[in-house]
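Enquirer: Listed below are the residues making up each chain.
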Amino acid sequence: MSEHPTERLSAYIDGELTADERTSVEQHLDICADCQGVLADLRGIVVRARSLEDRPPEHDLWTGIAARLEEQPVVVALETHRARRRLSFTLPQMAAAAVALIVLSVSATWWARSGAERGTDGGPPVAAVQPDAATPTQPASLEYDTAVTDFEELLAMYRDRLDPQTVATVEANLAAMDEAIDEIVKALDADPGSTQLYNYLTSARQRKLDVMRQATSIIRTSI
Amino acid sequence: MTGSTKDVRLAAEGDARAFERLYHDHVPRVHSLARRMVGPEEADELTQDVFVLAWKKLDTFRGDAAFSTWLHRVAINVMLGYRKTKSRERERYAATDEPVERVQVRPASTEISVDMEAAIETLPGKAREVFVLHDIEGYKHDEIADLLDIAAGTSKSQLHRARMLLREQLTA
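Those protein sequence lines, which keep their order, are chains D and E. At position 168 of the first sequence the residue is numbered 168 (the working numbering), and the sequence of numbers has no breaks. At position 73 of the second sequence the residue is numbered 73 (the working numbering), and the sequence of numbers has no breaks.
Since the hints were derived computationally from the structure, they do not count as laboratory data. Hints are all accurate, no fakes.
From chain E, some residues computed to sit far from chain D (all C-beta separations above 10 Å):
1. Ala12
2. Ala18
3. Gly63
4. Thr122
5. Gly125
6. Tyr139
7. Ile150
8. Thr154
Going by beta-carbon spacing under 8 Å, a handful of chain E positions derived as facing chain D:
9. Glu20
10. Tyr23
11. Val27
12. His31
13. Ser32
14. Ala43
15. Asp44
16. Thr47
17. Asp135
18. Lys156
19. His160
20. Arg163
21. Leu170
22. Thr171
Note that CB positions come from ideal geometry on N, CA and C, so glycine has one too.
Chain D with its partners taken away, still in its complex shape (with noise of 0.2 Å):
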């Protein structure tokens, strides 16, 4: 008996093989019980997901989508707690971050740049991703807004104790990586139904959750 043709099987059933590849298969299904049965199994997996019905959620989810329609831009209110102590990194500190937010805010604005006039991928590597990091254009994503909503509280909180210039790096690289994200908005809109752009996008909001992590690390660990 000629070796068992398994891997196949699912194109068998799909129409994807040759004609000498169907006949192959065919002629060793005539012969071999087991991958007859495996053929059967297969083909009514086939069957049962075609016929797999649409459910309704187990709740209506449209109260919460309508909210969510709604919103409008959170509004962040930056007095409170304005400390007095004025804070001051070490040089190492002062020299990562700016080193990282400039790296990370250039090839991010490279990125989305390339990225969106090219549509393909072939960026830098990407960092890894909030699982629903969203923009402006994006469904909204409360995770996302409330990481930018605190950084930003933060940053207002202890900017009379940071350096002037590390605060100046900061918002500046922001500011670029901004930018970037507004460029994959811009393309996304062109394109609304573009996986890469979408991904883009996903990963240049994350580059900047990334940065203002490491900024809050740097402001928490030096109060």
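Chain E: place on chain D using the hints.
Expert: Same frame as chain D, but now just chain E:
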């Protein structure tokens, strides 16, 4: 003009009531897709994401295809984007987790034949995506290859793998 077409036009003009009707018409399909692609725990949130995104993008719907087709494409993109980011997050933050490719599909001791929906949830990442897109949603391998950024041959092999894993589950 059908009721649905009219609702699409009204919704694109900002009529939330019309969009709510569209939601009720299409939520079973979107939620089922979400459940199969990302699992029941996150299906509600992803379904909401799909409709919120669709609302924001409605002005880009040109009517070249049926609204259901357009919405389905939006949903697929949201699901795949979500799964991709989850996968990257796992790689980065949970390096010790068992890779999805090695997920034990069938617990050794179980003799319970689980139903199809539950069995799909146990499939490892790429096999699950390909199976849902091909066998349930009716996409072709070259379309899946574009969506998932993989080779068509990989899509075929993942589909076979998914079917074999489901066979193992469903015939246990």
